[in-house]
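Student: Whenever a hint applies, use it, and build me the whole structure from the sequences.
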Amino acid sequence: MMARHLRRKLWSHALTALMGLCVIVVLIPFASIVYEAASIGGPVLSPTLFTAGLPAPCSPVNGVVCPVGGIGPALQGTLILIGLAALISVPIGLAAAIVASEYRGRFLGLAISFVADVLTGLPSIIAGVFIYAYFVIYYPSIVYSTITGALALSVIMIPIVTRTTEVALRTVPQELREAALALGIPKWRTTLQIVVATALPAILTGILLAVMRASGEAAPLLFTAFGSRLGFTGLTNPIEALPLMIYNFAESGWHNWIQLAWAGALVLILLILVTSLLSRWTIQRMVRRMRGG
Amino acid sequence: MFLGFVTAGGVVLLVLIFLILAVLIAQSEPAFRAFGLEFLVGTRWDVTRQVYGVIPFVAGTLITSGIALLLGLPLALGAAIFLTTQAPVAFRGPLGTVIDLLAAIPSVVYGFWGLLVLAPFMRTTADPALQRYLGWTGAFGGTATGTGVLTAGVVLAIMVIPTISAISRETLAAVPASQREAALSLGATSWETTRVASLPYARAGIFGATVLGLGRALGETMAVTMTIGNHDAVPTSLFSQGQSIASLIANELVNNTGPLQYSAIIEAGLILLMISLLVNVGARLLLWRVTGSVGSEAPR
Amino acid sequence: MSSTGATSPSSETIERKRSRAPLYAVVAIVVVIVIVVAGFYAGWFKSASSASSGNCAPPTGVTIIGAGSTLVYPLMFQWETVFGGGTTVNYASVGSSAGITDISAKTVDFGASDAPLNPAQRATAAGVLTIPESAGGVVPIYNLPGVGTLNFNGTVLADIYLGTISYWNSPALAALNPDASLPDQPIQVVYRSDGSGTTFIWTSYLSLEDATFASQIGKGTQVDWPVGSGEPKNAGVAGYVQETPYTIGYVDLNYALNGGIQFGRVENPQGNFILASVNNTASALRDANPTLPAGNGDWYNVSVLNAPGLYDYPITSLTYILVYQDLSGAYGSSFSLNQAKALVDFLYWMVTTGQTYSAELYYVPLPPSVVANSEASIGSITFNGATVPNSCGSSV
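Protein chains in written order, with the numbering used here: chain A, 1 to 293; chain B, 1 to 300; chain C, 1 to 396.
Quick caveat, the hints were computed from the structure, so don't treat them as lab data. Accuracy of the hints is not assured; some may be wrong.
Unchecked claim - Sample of chain C residues at the chain B side, in silico, Cβ under 8 Å: (1) S97; (2) A98; (3) D102; (4) P186; (5) D194; (6) G195; (7) S303.
What the hints assert, rightly or not - Covered by chain A, according to a simulated footprint, are these stretches of chain C (three or more residues, beta-carbon under 8 Å): (8) 73-79; (9) 104-110; (10) 147-160; (11) 228-241; (12) 258-267.
Model, not experiment: these values are computed from the prediction. Glycine included, each C-beta is placed from N, C-alpha and C at the ideal position.
Tutor: Printed below as a string of structure tokens:
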């Protein structure tokens, strides 16, 4: 009896240890990625890294000294693409979410919830294929441009904004709407000034999530933004982006490009982690406030 | 007016999915006309003779995603259980956050790391060991070059862990304390409590999380493209180079040798879209059923 | 977030106490974007370049977009950096097949390919000129720790890529390299995963040398390889071979030399084993002295492989720019006269002044006879029915 109990206890402890080990195993790749990025990309971190242009490809063979260059055009391109994509996707996503949440009795509302759900699972490369395939037939001269890049990212962002906004709007207490309507405030004003305003922090957090997701995407940009060492030269011209640059430079074999790719990865990780932590912190604060009133 | 505006936004969203389908279907028509259903069962992708079959890429996609789940699910679940029931309370939040943050690392960075760090490690250390101890299974034949379906699968496993772990943690945390307390009061050990009280309660949620992770693995492009070896043939061993549908698109969509190949790639993309929509709709319906909401997704 | 229907606090509390952090975040992001855009106009983000377009005076404020060959990319990078005068050139190194696809679909202003258009592609891209802009040699690169420069010939290379020679110490390789200590290791074949002009040159050569290869695989920008793994772009193959022991791959000479990657000698038809260099690829190009068709002619069978010189490197090829002869006819109103002028200036500058940058990057400068052909093709480009003059003055 005692032995049996002991065995069960030991078994339990062993499994617990094993599960603890899982946590450690899961964290190893993370540690390795951060270590590589910091040890290879770290040494070239400097203010000029963020502004200097992409260098000519070079490996230090036969005493050649390679230019370091910077990720300026890529960083600039990512910010511009994300800004434009947000400009396109946020109004559409908000509007769709309002229909889905505030007018949910209708068929349209249900359909939007469902389609937004389905689209969040869209493989990101399909977004790029879609935009490329459409533009190559109708507008071939701007297939490779800032516009198509931003559109491809919008296809990814719209469903995320819609989903998160819808969830945010639904957490707004029903009594609030009823009270406002009872006061004779028209429905659209109730929606905008009370419901949306109340859920605003959660909505903004959702937008941040969408921005984060899009800013790390390279696949949709392969056939749209195209890449450019020049940075932004106009809406109808190609543009560089940080993930795209990392992909192109990572497989290049050139010493200085691989180093820049790691530096770019480090910057991208930091950028996304900070945004992510910020939004988490906000959600936590919000939840605490709503609970603790 | 206002209703009109928001409705317009909603309509754009609805039109989007139809537009995506319409464009892909229209442009895959030449390939469909040339190969018909042969395309779906064809095992050769022969650019020289202009004969295209999608099986090599479906195989590459399913094998890599399968490896991802096989490796990722136990690890994610183990970590989730440990962090919800076993870990010291002070560690739970921070460690959970760190694992969730893994989901925020861009896939191109995983691919980069997979190519330059994981692939050499696989080649020199992991693959020879697998060949020695598990070679008898026949799954580890051929020469290990570092890149291949196994390496791509491992990278995908690392990428799906945070997705599975986050939702599993959420559903495990939602298990009422009374359930566990009841089991504990009957003298169950902590593992037994988890097994009889927590896991059955969270089973559906964990399943949904797994399928969601699968959805992510199926459509992943950059990390797979950089590690799978890009060989247009059905893999014959886990060390074989292969190609997933997503990596096929990345490699050959624009870089094609003619309109028929382009069209065949679009058709392959359509198949990928169908597979991942099916998986996602399934997962979400399930999560919907179980939790009544879609659950807050991990940021990614 | 499962709201369990707990009594919610009054709306006012939520209203007043809602967090402002996301607002700050959005404001911060907007500020960053403003700084970046301002920085762009202040002249950050520019590649370090001394803009001098030699004797050309291209229009200002025009961007020319090109795509294709990765073989020519390092040279093109140099060209677009140096070419100035207010015209910016934006070239994407995406592979020769993509260059052909892109020019056919009219998504770019010029394509670049190391493989000439095949008959089907000529039909699709009607009215496209083929203009030689540089030349290079394709070399077998390998990674064998502790082994020196190896000798190869066409048959052995073909057998390696067919999979019939699968070990480094196989008798056929050992016979060519009696002094090398070849390891008993399987050969890991690396090829291009994307449609590639380098693959075209490589498979053209192997088809020429080996009948089995010609019948089983044939020449093409993308072929059905029986063995090996694919890597994208010249750079991808170079990088992978450099990282991975016991691999063999094929890249342009400049990638091997600039990357410090070991490559082998190849036996030429005269029986000499030649280690590729700018000099012996240049002499191969001169000695092959190919008869070149007009720009709008059929270039598919133009070849400078297996040149007759005693010490010529055998795997040599021209690489081409693809551009529409009738620009306004091809692009319609989306293409301006200024764009046409800028494009013609850049092309003209490329085949004249641009050639002086070739040798330092291990490319082969075009011989005068080829330059004359290119100049004639560029001179035949029209816009709205009139030829587009270049602003570069007399040729250099």
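Student: Determine for every hint whether it applies to the structure shown.
Tutor: Evaluation of the provided hints:
A least Cβ separation of about 5 Å between C/S97 and chain B falls short of the 8 Å threshold, and the interface hint therefore holds. Below 8 Å, beta-carbon pairs count as interface contacts, and C/A98 has one with chain B at about 4 Å; its hint therefore holds. With its C-beta approaching chain B no nearer than about 7 Å, C/D102 sits inside the 8 Å limit, and its interface hint holds. At a threshold of 8 Å, the smallest CB-CB gap from C/P186 to chain B is about 5 Å, leaving the interface hint in force.
Nearest Cβ of chain B to the Cβ of C/D194: about 4 Å, under the 8 Å cut. The hint holds. Nearest Cβ of chain B to the Cβ of C/G195: about 4 Å, under the 8 Å cut. The hint holds. The interface hint given for C/S303 is broken, as the beta carbon of that residue sits about 19 Å from the closest beta carbon of chain B, more than 8 Å. Chain A is given as covering the segment 73-79 of chain C, and this holds because 4 residues of the stretch bring a CB closer than 8 Å to a CB of that chain, at least three being needed.
Residues of the segment 104-110 of chain C lying with their CB closer than 8 Å to a CB of chain A number 4, which satisfies the three-residue condition for coverage. Only residues whose beta carbon comes within less than 8 Å of a beta carbon in chain A count, and the segment 147-160 of chain C has 0; fewer than three means the coverage is violated. Counting residues of the segment 228-241 of chain C whose CB lies closer than 8 Å to any CB of chain A gives 8, which reaches the minimum of 3, so the coverage claim holds. With 3 residues having a beta carbon nearer than 8 Å to a beta carbon of chain A, the segment 258-267 of chain C meets the requirement of three or more and the stated coverage holds.
Against the hints set out earlier in the document, violations occur for numbers 7, 10.
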